[in-house]
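Undergrad: Whenever a hint applies, use it, and build me the whole structure from the sequences.
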Amino acid sequence: DTGVSQNPRHKITKRGQNVTFRCDPISEHNRLYWYRQTLGQGPEFLTYFQNEAQLEKSRLLSDRFSAERPKGSFSTLEIQRTEQGDSAMYLCASSSPRIPGTSGQIKQETQYFGPGTRLLVL
Amino acid sequence: GENVEQHPSTLSVQEGDSAVIKCTYSDSASNYFPWYKQELGKRPQLIIDIRSNVGEKKDQRIAVTLNKTAKHFSLHITETQPEDSAVYFCAAIGGAGGYNKLIFGAGTRLAVHP
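So the sequences go chain by chain: A and B.
Those letters in the first sequence? Residues 88 to 209, by my numbering.
Those letters in the second sequence? Residues 5 to 118, by my numbering.
All clues given are correct.
One side only, chain B facing chain A, incomplete, derived with CB under 8 Å:
1) 38
2) 46
3) 48
4) 50
5) 53
6) 104
7) 106
8) 109
9) 110
Note that these hints are calculated values from the structure, not bench results.
Note that the coordinates shown come from a computational prediction; the quantities given were computed from them, not determined experimentally.
The beta-carbon is built from N, C-alpha and C at its ideal position, and this holds for glycine as well.
TA: See the structure below:
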């Protein structure tokens, strides 16, 4: 499978514990995104990397959350001191920016999603 | 920032009928609008997308239309089949929010009955 992969697929933890999730993007994609999806809602943006640089973070990403992409390939999302409200599906996506068109306009990029990590905090 | 509203939240149709899902967005500078299909327990999968310089796009039984003036875009599925049953999400990108994050609607649960 050459798509985006995520591990683990499921995680059950007790409140107060730390958890870490991993995302492996499509190999030639230099952009990587983390989203959170709660039941009955669409995914919500958390953060975004271009290569190893974390360029944007949502206000949803409290100081208990940290994301890294040390070598510009896989990424990890860590949640410290988990709370029951952290229970959700954590989705990773990757994309590759297109070459600017002759008109100079940056073309939009398609984001491809991984299967997600479902977190349950008891 | 950008806000995307999606209607209806649930849609039930008979096999062979058409299904239409509508979305509105708030940022007139948004310029890319993908649609994702998510089956239970699976990843969101892109099914079709449209850019702001195009009014309509079709791919077999699926079509998307965009009205930039009204800031509306819609997904049309014709000749629905039971395997079309899933949650469908619209999204928008661009504008003041930048080109780095998709803003999703809340989703439409489509049920196609044989």
